[in-house]
Every structure is written in structure tokens, then in C-alpha cells.
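*Asks:* My request is simple: use the sequences and hints to build the entire structure.
Chains A and B supply the protein sequences, listed in that same order. Under full-length UniProt numbering, the first sequence is numbered contiguously, ending at residue 203. Under full-length UniProt numbering, the second sequence is numbered contiguously, ending at residue 203.
Derived by calculation from the structure, the hints in this document are not laboratory data. Careful: at least some of the hints might be erroneous.
No more than 30 Å apart at the CA atoms, straight line, and that leaves these computed lysine-lysine pairs for DSS-like [unchecked claim]:
#	chain 1	residue 1	chain 2	residue 2
1	A	K39	B	K17
2	B	K17	B	K29
3	B	K120	A	K17
4	A	K17	A	K29
5	A	K29	A	K39
6	A	K17	B	K39
7	B	K39	B	K17
8	A	K17	A	K39
9	B	K29	B	K39
10	A	K39	B	K39
Number of protein chains: 2
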Amino acid sequence: MEAAATVFDERGYEAAKLTDILQLAQVTKGALYFHFHSKEDLAHAVIDAQVSAVPVPMPQVSKLQEFVDIGMVFAHRLTTDRVLRGSVRLTLDQGGNELSRSGPYREWTELNLRVLNEAKERGELLPHADTEEVAPLVVGAYAGLNLMSQALNNPADMDRWASSLYRHLLPSIAVPAVLAMLDMEQGRGARALAAAEAATTTA
Amino acid sequence: MEAAATVFDERGYEAAKLTDILQLAQVTKGALYFHFHSKEDLAHAVIDAQVSAVPVPMPQVSKLQEFVDIGMVFAHRLTTDRVLRGSVRLTLDQGGNELSRSGPYREWTELNLRVLNEAKERGELLPHADTEEVAPLVVGAYAGLNLMSQALNNPADMDRWASSLYRHLLPSIAVPAVLAMLDMEQGRGARALAAAEAATTTA
Chain A
1 MEAAATVFDE
11 RGYEAAKLTD
21 ILQLAQVTKG
31 ALYFHFHSKE
41 DLAHAVIDAQ
51 VSAVPVPMPQ
61 VSKLQEFVDI
71 GMVFAHRLTT
81 DRVLRGSVRL
91 TLDQGGNELS
101 RSGPYREWTE
111 LNLRVLNEAK
121 ERGELLPHAD
131 TEEVAPLVVG
141 AYAGLNLMSQ
151 ALNNPADMDR
161 WASSLYRHLL
171 PSIAVPAVLA
181 MLDMEQGRGA
191 RALAAAEAAT
201 TTA
Chain B
1 MEAAATVFDE
11 RGYEAAKLTD
21 ILQLAQVTKG
31 ALYFHFHSKE
41 DLAHAVIDAQ
51 VSAVPVPMPQ
61 VSKLQEFVDI
71 GMVFAHRLTT
81 DRVLRGSVRL
91 TLDQGGNELS
101 RSGPYREWTE
111 LNLRVLNEAK
121 ERGELLPHAD
131 TEEVAPLVVG
141 AYAGLNLMSQ
151 ALNNPADMDR
161 WASSLYRHLL
171 PSIAVPAVLA
181 MLDMEQGRGA
191 RALAAAEAAT
201 TTA
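*Replies:* Written as C-alpha cells, this is what we have:
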């Protein structure tokens, strides 16, 4: 899986060769076909890894901080998790029509919508904020910033773009008292993960 | 060019076949090779068409309205211009590494930056608004919403997404008096084009 994700991440779906994946994984063709029947099968498994990696938000002082953390933690994990990067590339690649790429968009939208609706119930959102509109807006915008940072050869920039997206979007949906307390700065993903780890250690 | 853009739009770069383009254009291989030496050549020409289609903003009451119109007019033109759609797909496709896809991101960012800087000079932006940050943010987010609407098989949705993006972004950068006067609603692209046409007819 890791070898497949690496090759998909570097080459994209169309250009990825099974022989390269076999070589990188150091397995025989027979061993691979025991688990996966085709390149398409492998690609689906890598894409599914992204969907199953959709996190359970870590509890924060506000639901809007949990909403922001979804994207900030993901941006941080993109720098460390190869399978996630391969999965994102397969999702954003439009080349091979046989892969369904709508799955991750829907999963991420559902997660964002759920947390936004909780924020709304707690009175953290401005009255006119439409969660059904904002959830897919953030998912689509986030995907594009990811794609742009790859096209401009700065994949590590995603932490900066995610921060920028939230800082410019949240003022139009958050009540000022909550807005003022949000951490949307670069490095938030790493900080949130470190805090969660520290909490687990003390618990 | 139109035939090539159509095939690239439907299949993407990797899967597009020169024979399909020849058939759709109803030209011989010899005639095609007189103008273009390869599929890559053709793709570059289609991508360049997008860059040369980067519009000169039509004068509006505020520079921020011109900024909004860049994206709203483009969203409208995507529904009517096949070459533009093919070009966008080639830009967003990550498949063929031999194509440089950073060009359009840079061109659109430069255009947005120029108009935003004019808005800033006229006092239409909040003091903290960073035009160097906002210009690429809008371009990347816009590209992703385009990609998502294609992945979810609703390419016509771009008018709605562009409107949503601007309505959620502008409150964090525009001074309230200008913000209140902006038309960022769906159909703005068609309205702006119709107004420009009417102005040309009377002139």
C-alpha cells in the first residue's frame, strides 16, 4: 500500500506502472495479485485509506476550533504521511475516468458539515451562516489550494494555505467572541496533535 | 483547436488520442502536423488559449467589483466556451508531467493581484488585508471548486461556487461601505457581460 501510494503520488494514476510498485514494495507479482486484482484495485485501496483516515475531531474549547483543526491537522499530516499524499493525488487527478473520485469530497464535506452544525447549535455561528453551503465550499477550496501548491512545486505550503483559508473565511461565519479565540495560525495542526498526545500520556 | 479542447475536456490529457481529435476536427494527420508536432504541442496551445483569455476587467463602480467580476465572468464563460473548459481541465489534470501547469495559476494570480492592489490604493480594503496573500488564495480556492464540481458531475455549478467563495471571503477584506454595494450573486457574470455589451452598442 505504501509503495503504491508513493508511486501514485509521484506519477499520478495513468503514468503509474505496476512494475514500479512491485519493485518498490519488493514483492512478486503473484503476492500482489493475491491481494489486489489490478492497478485500479490498488488505487481504490489507497483512496479508501484517505476516507478511513478522516479523523474524529479532538475536543476543543469551541466547535469552530474543531472545524479549523480538521483542515490544519490534515495539512500537517500531508507532510508526514505518504499514503495520504498518494490518496490525495488520486482524488485530485482527473485522468483515469474509471476511478470514482467523488467519495473523498463527500466524506470530508459530511465531516465538516457535522462539526459546523454542532457549532451552530452552540451559538458559535452568525445567524445567516449556512452550514450546508460552507462545508462543501471549504472542502473544494482546500482541494484547490492543495493542487496549486503541488503545481507550483511547494507541497509543504499547505499549512500556510489552510491557515490563510480559515483566517479569511471564518470572519463571515463566526460570532466575534468565538472568532477572537480561534487558533488558525500556521503550525496549528502540529500543536493540536502535540496537545492531544500530551493529554493521552497524562490520562 | 476546438476539437482538441473538446477531447481534452472529455478525456483528460493522458487518455486523449490524436486520432479522436483528427476525426472530430475532420482534418488529415498531415494537416494537423503542419501546425502542431505532437499531442503535447496541441495541449500547450489549448492551455495558452486560457492564458490569453485572461480578461481585461470591465470598469465598475468599485475595483472590488472588478475583482469579483474576474471570477464571475469566467464561471459564466466556462458554460459556453469549450476551448476554455478543455484548457481548465489540462491545467487541473496532474497526469502528464511533461506539461507545465503552473502558468495559468501565475497569470490568474497576477491579474487578481493587480486589481486588488488598485482596490487597496482607493481605500476599498480593510487596513490589514494582504493582497499578496488574498490573490493566490482566491485562485487556488477557485480551481478546487471547479475541480470538485467536475468530480461531482455538476460542472454548471461553478456560478454558484464562485458566488459562494466571494460572499464568504470579501467580508474579511472589504470596507463595509464597498462590501454593501458589491454584486456577488449567481448570474453576476452574465449580467456584467450583458451590461458591457449594452455599453458598447450605445457608444
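*Asks:* Run every hint past the structure and note whether it holds.
*Replies:* Structure-based check of each hint:
1. A:K39 x B:K17: Cα-Cα ~21 Å, so holds.
2. B:K17 x B:K29: 12 Å, holds
3. B:K120 x A:K17: Not satisfied, since the Cα-Cα distance of roughly 50 Å exceeds 30 Å.
4. A:K17 x A:K29: Holds, at about 12 Å.
5. A:K29 x A:K39: 12 Å, holds
6. A:K17 x B:K39: 21 Å, holds
7. B:K39 x B:K17: 8 Å, holds
8. A:K17 x A:K39: The hint holds at about 8 Å.
9. B:K29 x B:K39: 12 Å, holds
10. A:K39 x B:K39: 25 Å, holds
The structure does not agree with numbered hint 3 stated previously, though it agrees with all others.
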